[in-house]
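Build out the structure end to end from the sequences listed, making use of the hints.
Start counting the sequence shown at 2; every next residue gets the next number (this note's numbering).
Honestly, I wouldn't trust all of these hints.
[Claimed, not checked] Cβ pair distances, simulated, as ranges:
id, residue 1, residue 2, range
1, Gly16, Gly99, 30 to 40 Å
2, Glu46, Gly8, 17 to 27 Å
3, Gln111, Glu88, 17 to 27 Å
4, Gln13, Gly99, 29 to 39 Å
5, Ala103, Ser57, 15 to 25 Å
Treat the hints as calculated values from the structure; they're not laboratory data.
Cβ coordinates follow ideal geometry from the N, Cα and C atoms, glycine included.
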Amino acid sequence: VQLQASGGGLVQAGGSLRLSCASSERLFSRYTAGWYRQSPGEQREWVAGISSGGSSNYADSVKGRFTISRDNAKNTVYLQMNSLKPEDTAVYYCNTYGLRVAAVRHSWGQGTLVTVSS
Numbered sequence: 002v003q004l005q006a007s008g009g010g011l012v013q014a015g016g017s018l019r020l021s022c023a024s025s026e027r028l029f030s031r032y033t034a035g036w037y038r039q040s041p042g043e044q045r046e047w048v049a050g051i052s053s054g055g056s057s058n059y060a061d062s063v064k065g066r067f068t069i070s071r072d073n074a075k076n077t078v079y080l081q082m083n084s085l086k087p088e089d090t091a092v093y094y095c096n097t098y099g100l101r102v103a104a105v106r107h108s109w110g111q112g113t114l115v116t117v118s119s
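Listed below in structure tokens is the structure:
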């Protein structure tokens, strides 16, 4: 399975970006899809998830600023990021997972770099 994230870039604090991640997984629509991020020197952390039925949840650090969505017809998950902060700077990845956010189902793709300047 290939996970192709895109949409990252350089943005000023307070700005917005929309990330996309296309999956080649045939059964993508059946699983919870999530976004994760990894900052330099830090471990990868879960950011947001959306179930097969469309229910979403978020890490406290992004709640109210980020919105996750999915288009199962396109096997794609999105992350709308508003009111970006310098601490959001990271490489962002997507994956599908089971009952636990750490139980990702596939190898990580290359991710997309988001840099937020102050």
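Status of each hint after checking the structure:
For Gly16 paired with Gly99, a C-beta distance near 34 Å keeps the hint of 30 to 40 Å intact. One distance hint, 17 to 27 Å for the beta-carbon pair Glu46 and Gly8, holds here, with the actual separation near 19 Å. At roughly 22 Å, the beta carbons of Gln111 and Glu88 sit within the given window of 17 to 27 Å. Hint check: Gln13 to Gly99, Cβ distance near 37 Å, so the stated range 29 to 39 Å holds.
A C-beta distance of roughly 18 Å is found between Ala103 and Ser57, which places it inside the suggested range of 15 to 25 Å.
Of the numbered hints given earlier, the model fails none.
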